[in-house]
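> Chains A and B are the protein sequences, given in the same order. Under the numbering used here, the first residue of the first sequence is numbered 1, with each subsequent residue one higher. Under the numbering used here, the first residue of the second sequence is numbered 186, with each subsequent residue one higher.
These are calculated hints, taken from the structure and not from any lab test. There may be inaccurate statements among the hints.
What the hints assert, rightly or not - Mimicking DSS-like on lysine-lysine, the simulated pairs with C-alpha atoms at most 30 Å apart in a straight line are:
1. K497/B - K410/B
2. K365/B - K295/B
3. K365/B - K22/A
4. K236/B - K22/A
5. K437/B - K491/B
6. K22/A - K295/B
As the list claims (entries may be wrong) - A few chain B positions that, by computed beta-carbon distances, are all more than 12 Å from chain A:
7. S208
8. D220
9. S222
10. K224
11. G228
12. L260
13. G293
14. A363
15. P369
16. H388
17. D403
18. P430
19. K436
20. R449
Keep in mind the model is a prediction, meaning the values are calculated, not measured. Even for Gly, the Cβ is constructed at its ideal location relative to N, Cα and C.
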Amino acid sequence: MSIFGDGATNIGAFHESLNVAKLWHLPIVFVCVNNLYGMGTAVNRASAVTEIWKKACAYDMTGERVDGMDVLAVRRITDQLVAQAREKHEPSLLECVTYRYRGHSMSDPDTYRGKDEIKEWQTRDAILSLGEHLKKQKMITDDEIQRLDEEVTAQVEDAVKFAEESPDPDPKDLYRDVYAGEAAS
Amino acid sequence: MAVLAMRDALNQALREEMKRDESVFLLGEDIGLYDGSFKVTRGLMKEFGEKRVLDTPIAEEIIIGTAIGAAMSGLRPVAEMMTVNFIMVAMDQVVNAAAHIRYMFGGGTKVPLVIRTPGGGGHQLGAQHSHSHENWFAHVPGLKVVAPGTPADAKGMLKSAIRDDNPVMFIENEGTYAVKGDVPDGEHLVPLDKNEVKRPGEHITICAHSRMLIVAMDAATELEKEGISAEVVDMRALRPLDMAPVIESVKKTSRLITVEEGWRSYGVGSEIASRVYEEAFDYLDAPVARIAAAEVPAPYNKRLEKIAFPGKADVIVTARALLGKN
Chain A
1 MSIFGDGATN
11 IGAFHESLNV
21 AKLWHLPIVF
31 VCVNNLYGMG
41 TAVNRASAVT
51 EIWKKACAYD
61 MTGERVDGMD
71 VLAVRRITDQ
81 LVAQAREKHE
91 PSLLECVTYR
101 YRGHSMSDPD
111 TYRGKDEIKE
121 WQTRDAILSL
131 GEHLKKQKMI
141 TDDEIQRLDE
151 EVTAQVEDAV
161 KFAEESPDPD
171 PKDLYRDVYA
181 GEAAS
Chain B
186 MAVLAMRDAL
196 NQALREEMKR
206 DESVFLLGED
216 IGLYDGSFKV
226 TRGLMKEFGE
236 KRVLDTPIAE
246 EIIIGTAIGA
256 AMSGLRPVAE
266 MMTVNFIMVA
276 MDQVVNAAAH
286 IRYMFGGGTK
296 VPLVIRTPGG
306 GGHQLGAQHS
316 HSHENWFAHV
326 PGLKVVAPGT
336 PADAKGMLKS
346 AIRDDNPVMF
356 IENEGTYAVK
366 GDVPDGEHLV
376 PLDKNEVKRP
386 GEHITICAHS
396 RMLIVAMDAA
406 TELEKEGISA
416 EVVDMRALRP
426 LDMAPVIESV
436 KKTSRLITVE
446 EGWRSYGVGS
456 EIASRVYEEA
466 FDYLDAPVAR
476 IAAAEVPAPY
486 NKRLEKIAFP
496 GKADVIVTAR
506 ALLGKN
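Sequences are here, hints too, so could you generate the full structure?
This is the structure in structure tokens:
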């Protein structure tokens, strides 16, 4: 499985990859996370075809579009496409339509889109929606969701702590791993 | 020992390595059914099949990208770029991926990849098919760059490159494919990091690689007739750059000419000259002379092309001048 954003589908390497994947019958699922913006540029300002899945058509490849905010729908279609790759040795392109709540990076002031648009997408949050669905199915309680949330938050905080507290590399490690097997320069 | 043309020496190296190691495979444009643009891969698809000699679309970025992925997964790909000019569209893969991935993964992976590609002009192929860019690659940490000038070195260095665990830019030259020379049979390995004196001499040192090595050797033969004894150092190992034989030679001759088929500015000769100034300044009796291509896009016109690339006469005239014999 190869995962990339909507912005990557306008570059030559994307098309070269789809072409040889189909040509050579490679068992690949290309997963495009379409969050509607390539850094600050909206899909419709960068791509002649805004429904990314349609780009598979040029290569006679299976293309699918799924609501990326629906975890179970993503799982269903992914299972199907992975099976196609395994059993028929045929690649496919899966477009998951989703959204990015924050700026592209810490230096992104996020001035290229409306705050209402962000709020609108947040009402359809993938994780919260899955929680609601599981509650309706009586598979989980609010307490359990809160506990999961705390566990995951703790894991992330541990990772940050580990990173911050780990010692810096020795200065002589600057030249390590430039080459395999020897100290070339 | 057999007398082989450069292209056949390369073909022998590929065949031997493919027989020796099943993980070695070839990919590139028209290398299989067509037998290769310059016939280096002649007969190999017939012998090893379409899975190990892979004809690709004319899409250099996917060729190098595929090769990098294969190398990281345990195979030993040898990718052919039809000419070095065509690799420009794949530079992202060569530099940002092949050269840097190991470092970015903290040594957690390796990229045993060979990219074979010819440079060089002189065949009226114009500005998009005639240049030499080995200095571009030799600038990049993480890549190894070699450019042999004899059939024996071509075979021995290609075999070593295929066995190396790093991405190796293996620079060939369109003007040398038909050049013949003695080539040892079977297991003949030439290290990727050793330059050597190809012709001993006393009065002046000439550094050159690839086709310019042949030009330098021819010039040295002519100079001998005038009583000038030139020592020719083959700079086949460009990165890592083995300067030891140059420094040793300059300590003896006190004069150095560098010859390259690429442009002078920021070139191979510039790097060699810098290192000589750093390591052997006190031994020099004259500034280092750099001979290189005219700094223009390679002309198509035959007359202009002839004067754009360095030749034997340029080396001879420069040698005389450095020795005060013009």
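> If a hint holds in the structure, say so; if it does not, say that too.
Hints versus structure:
Simply put, K497/B and K410/B have alpha-carbon atoms about 14 Å apart, close enough for the 30 Å limit, and the pair holds. Between K365/B and K295/B the alpha-carbon distance is near 35 Å, which puts this suggested pair outside the 30 Å criterion. Straight-line distance between C-alpha atoms of K365/B and K22/A comes to about 42 Å, which puts the hinted pair past the 30 Å bound. With a CA separation close to 16 Å, the supplied pair K236/B and K22/A stays within the 30 Å bound.
Note on K437/B and K491/B: the hinted pairing is violated, with a Cα-Cα distance of about 34 Å set against a maximum of 30 Å. A C-alpha spacing of about 28 Å is found between K22/A and K295/B, which places the hinted pair at or below 30 Å, so the restraint holds. For S208/B, the non-interface assignment is confirmed: its Cβ lies about 15 Å from the closest Cβ of chain A, beyond the 12 Å cut-off. For D220/B, the requirement that its beta carbon stay farther than 12 Å from each beta carbon of chain A is met, with the minimum near 21 Å.
Against chain A, the non-interface label of S222/B holds: every CB pair exceeds 12 Å, the least being about 20 Å. The claim that K224/B lies off the interface holds: its Cβ sits roughly 25 Å from the closest Cβ of chain A, which is beyond the 12 Å cut-off. For G228/B, the non-interface assignment is confirmed: its Cβ lies about 23 Å from the closest Cβ of chain A, beyond the 12 Å cut-off. At roughly 15 Å, the least C-beta separation between L260/B and chain A is larger than 12 Å, which holds for a residue marked as non-interface.
With a least CB separation of 8 Å from chain A, G293/B falls inside the 12 Å interface cut-off, contrary to its annotation. Remark: the non-interface label on A363/B is consistent with the geometry, its nearest Cβ contact in chain A lying 33 Å away (cut-off 12 Å). For P369/B, the non-interface assignment is confirmed: its Cβ lies about 25 Å from the closest Cβ of chain A, beyond the 12 Å cut-off. Distance check for H388/B against chain A: the nearest CB is about 32 Å away, which clears 12 Å, and the non-interface claim stands.
Every CB of chain A lies more than 12 Å from the CB of D403/B, the least distance being 32 Å, so the non-interface label holds. At the 12 Å boundary, the C-beta of P430/B stays outside the reach of chain A, the nearest C-beta of that chain being 18 Å off. For K436/B, the condition that its CB be more than 12 Å from all CB atoms of chain A holds, with the nearest at approximately 22 Å. Even its closest Cβ contact with chain A, about 24 Å, leaves R449/B beyond 12 Å, as expected for a residue assigned away from the interface.
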